[in-house]
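> Listed here are the chains, written in short residue letters.
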Amino acid sequence: MDFLKLISLAWKALLRNKIRTFLTMLGIIIGVAAVITMVSIGEGSKQSIRSQLSSMGSNMITVRPFSNSTVGGGARLGSTGLQTLKTEDAVSIQSQAVNITYVSPAVSTRGQAINASLNWPTSLQGVSPSYLDIRDWALSSGVSFTDADVTSSAKVCLIGQTVIKNIFTDGQSPIGSTIRFNKIPFKVIGVLEMKGENTFGQDQDDIILAPYTTVQKRIMAINYIQNIYASAVDENSSAAATAEVTTILRANHQLKAGDEDDFSVRTQAELISTMSSTSQLLTVLLTAIAAISLLVGGIGIMNIMYVSVTERTREIGLRMAIGARGIDILLQFLTEAILISVTGGLLGVVLGISAAKLVTLLLQWPTLVSQSSVFLSFAICSITGVFFGFYPAQKASRLDPIDALRYE
Amino acid sequence: MTEINKTKILDITELKRDFRMGVETVKALKGVSFSVEAGEFVTIMGSSGSGKTTLLNILGCLDQPTDGTYLLDGVHVKNPSRNELAHLRNRKIGFVFQSYNLLSRTSALENVELPLLYNADVPTKERREKAMHALEAVRLQDRMDHMPNELSGGQQQRVAIARALVNEPVMILADEATGNLDTRTSYEIMSLFQELNTQKGKTIIFVTHEPDIAAFSSRTVTLKDGRVIKDLKNPKVLSAKESLAALPVDKDDA
Numbered sequence: 001m002d003f004l005k006l007i008s009l010a011w012k013a014l015l016r017n018k019i020r021t022f023l024t025m026l027g028i029i030i031g032v033a034a035v036i037t038m039v040s041i042g043e044g045s046k047q048s049i050r051s052q053l054s055s056m057g058s059n060m061i062t063v064r065p066f067s068n069s070t071v072g073g074g075a076r077l078g079s080t081g082l083q084t085l086k087t088e089d090a091v092s093i094q095s096q097a098v099n100i101t102y103v104s105p106a107v108s109t110r111g112q113a114i115n116a117s118l119n120w121p122t123s124l125q126g127v128s129p130s131y132l133d134i135r136d137w138a139l140s141s142g143v144s145f146t147d148a149d150v151t152s153s154a155k156v157c158l159i160g161q162t163v164i165k166n167i168f169t170d171g172q173s174p175i176g177s178t179i180r181f182n183k184i185p186f187k188v189i190g191v192l193e194m195k196g197e198n199t200f201g202q203d204q205d206d207i208i209l210a211p212y213t214t215v216q217k218r219i220m221a222i223n224y225i226q227n228i229y230a231s232a233v234d235e236n237s238s239a240a241a242t243a244e245v246t247t248i249l250r251a252n253h254q255l256k257a258g259d260e261d262d263f264s265v266r267t268q269a270e271l272i273s274t275m276s277s278t279s280q281l282l283t284v285l286l287t288a289i290a291a292i293s294l295l296v297g298g299i300g301i302m303n304i305m306y307v308s309v310t311e312r313t314r315e316i317g318l319r320m321a322i323g324a325r326g327i328d329i330l331l332q333f334l335t336e337a338i339l340i341s342v343t344g345g346l347l348g349v350v351l352g353i354s355a356a357k358l359v360t361l362l363l364q365w366p367t368l369v370s371q372s373s374v375f376l377s378f379a380i381c382s383i384t385g386v387f388f389g390f391y392p393a394q395k396a397s398r399l400d401p402i403d404a405l406r407y408e
Numbered sequence: 001m002t003e004i005n006k007t008k009i010l011d012i013t014e015l016k017r018d019f020r021m022g023v024e025t026v027k028a029l030k031g032v033s034f035s036v037e038a039g040e041f042v043t044i045m046g047s048s049g050s051g052k053t054t055l056l057n058i059l060g061c062l063d064q065p066t067d068g069t070y071l072l073d074g075v076h077v078k079n080p081s082r083n084e085l086a087h088l089r090n091r092k093i094g095f096v097f098q099s100y101n102l103l104s105r106t107s108a109l110e111n112v113e114l115p116l117l118y119n120a121d122v123p124t125k126e127r128r129e130k131a132m133h134a135l136e137a138v139r140l141q142d143r144m145d146h147m148p149n150e151l152s153g154g155q156q157q158r159v160a161i162a163r164a165l166v167n168e169p170v171m172i173l174a175d176e177a178t179g180n181l182d183t184r185t186s187y188e189i190m191s192l193f194q195e196l197n198t199q200k201g202k203t204i205i206f207v208t209h210e211p212d213i214a215a216f217s218s219r220t221v222t223l224k225d226g227r228v229i230k231d232l233k234n235p236k237v238l239s240a241k242e243s244l245a246a247l248p249v250d251k252d253d254a
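Chains A and B supply the protein sequences, listed in that same order.
Counted from 1, the first sequence has number 180 at position 180 by the numbering used here; the numbering is strictly sequential.
Counted from 1, the second sequence has number 165 at position 165 by the numbering used here; the numbering is strictly sequential.
These aren't lab readings, by the way, just hints derived from the structure by calculation.
Treat each hint with caution, since some may be false.
Taking lysine-lysine and the DSSO-like style, the derived pairs with C-alpha atoms no more than 27 Å apart in a straight line are [to be verified]:
1) B:K200 with B:K130
2) A:K5 with B:K8
3) B:K130 with A:K5
Since we're looking at a predicted model, the values are computed, not measured.
Please model the entire structure based on the sequences and the hints provided.
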């Protein structure tokens with residue numbers, strides 16, 4: 001019997017029991033749709049975490065002062081209170097580390113930004129021009145300050161969108177105007193591009209950037225630096241870069257072999273992998289649940305095929321009497337099972353993708369329908385059809401025509 | 001048709017069939033021999049337990065004898081595989097059952113097409129045409145698209161006969177084909193069988209336990225306890241058509 005005839009026969013047989021066929025299919029539809037939706041939610045959250053972290057600069061390395069030693073009654077010192085990092089450390093990293101591209105010393109303080117009659121509490125970050133490269137941050141207008149500005153402790157600044165919104169009236173261009181931060185005037189020479197919230201919900205645009213020397217001398221009156229930001233050559237070399245930075249700083253700080261680091265080096269890649277592994281776990285869990293529902297759907301097919309074979313015993317007997325071979329019967333029932341699962345699978349794919357879109361639309365959750373999940377679930381459900389359809393079909397093909405014809 | 005040129009469609013010698021029922025062996029057929037020539041209309045009679053169903057199953061290639069030989073249209077049916085049996089059933093035999101065995105929710109035409117699906121020699125294009133011809137032969141050309149539940153018992157049996165004819169088998173095996181029908185419809189079906197036998201030269205083997213049905217055939221083989229006890233040519237074959245005409249007209253039918 002030819003292939004097309006086989007399929008059309010199977011369709012007719014399935015259409016004879018529309019409701020039953022649909023209910024059987026429903027198991028597969030829900031299974032496949034669940035896999036696709038769940039995976040897309042998992043992938044979507046993974047992707048969004050990844051892109052958010054990347055927006056902070058995925059190969060960014062942060063060095064902070066750190067101390068495990070205690071003072072007084074055993075109180076440990078916070079990193080901000082420590083004065084172990086110096087500008088020279090940043091210079092050494094820049095000159096010695098081969099896995100590092102950009103380095104920027106950083107100090108930061110909070111205060112009130114004032115422009116004419118408007119004021120706004122924000123944070124002022126003192127950095128070097130490389131900071132923009134490290135953070136992968138562009139300017140929407142104006143220019144950045146230069147190394148010369150750093151050397152001369154120039155009172156120039158770049159301001160973030162949130163600050164602009166709060167201290168500049170609509171339509172007023174901030175470039176060229178002078179704002180005051182804690183009474184010190186700064187000339188606005190550039191506007192930072194919108195960066196949005198970071199992974200932790202902090203507004204990254206609520207910031208003013210100025211040369212770190214300016215902030216050190218004119219605002220904070222300190223000569224140490226609080227952080228060093230650096231960027232690894234690429235994401236993969238961040239581990240090597242971390243090791244290099246550690247070695248350089250230990251040498252600079254003259255730490256002996258047994259001494260603890262008085263700084264900590266953290267990479268964005270670590271954070272990404274931690275966050276991704278959390279959402280990876282979520283994906284695996286969701287997929288497992290969905291796969292179970294697919295299995296249940298498959299068992300549903302098997303069950304219905306058994307019922308169908310029993311119910312159609314006389315039909316099988318008749319087909320055999322008029323010349324159907326065992327293989328013809330086997331193929332007939334197998335085709336029915338596969339049709340149920342493949343059709344169910346296709347409907348499931350459609351339903352799953354729509355559900356994922358709906359989740360994004362209604363709940364604002366990021367979803368990402370991955371091609372692999374679509375192909376995989378579709379392949380699994382086709383295999384399910386063959387696997388769970390085979391035994392009932394084989395049972396049918398092995399019936400004795402005499403018994404089958406006499407079956408009541 | 002002359003006597004000399006008749007070919008043997010079916011030839012069985014010393015056919016035996018034993019069934020094992022636990023420790024006991026039941027001998028359903030204890031050595032049955034007879035042959036059927038092309039164009040014959042043979043009824044096989046016998047009470048229940050006589051072995052006629054067992055014989056029919058063997059003749060229909062649904063079952064195999066324990067011993068003895070079976071020649072079907074010149075083919076020695078000996079230790080065949082299941083597939084070979086299926087092939088023989090498809091090409092050589094047309095079954096007509098007591099309970100019609102039509103596929104429900106499947107049109108008359110599609111029911112008749114069914115044996116052709118398992119015949120690779122018939123191209124897809126010819127299936128429909130052949131099925132239509134078979135339905136014309138049983139005068140159901142205007143009921144082709146009807147489902148079995150839209151047809152009367154007699155019409156359903158005619159669809160089943162068309163299905164038996166469609167592959168042009170060497171013989172038609174009918175198992176109590178009128179058993180579910182009233183007298184009038186039975187006669188109609190028998191007249192159709194007679195017509196197929198005399199006009200189209202179809203060989204028919206008809207299993208029944210009703211003597212008045214046997215009277216329409218040209219020969220009657222009677223079985224009892226697994227043996228042939230009578231094998232007689234019918235000297236005066238009744239015409240089913242005439243018998244039908246002679247039936248008193250039921251007022252309800254009019």
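> For each hint, tell me whether it holds in the structure or not.
Verification of the hints:
no.: 1; hint: B:K200 with B:K130; result: holds, 16 Å
no.: 2; hint: A:K5 with B:K8; result: violated, 37 Å
no.: 3; hint: B:K130 with A:K5; result: holds, 17 Å
Against the hints set out earlier in the document, a violation occurs for number 2 only.
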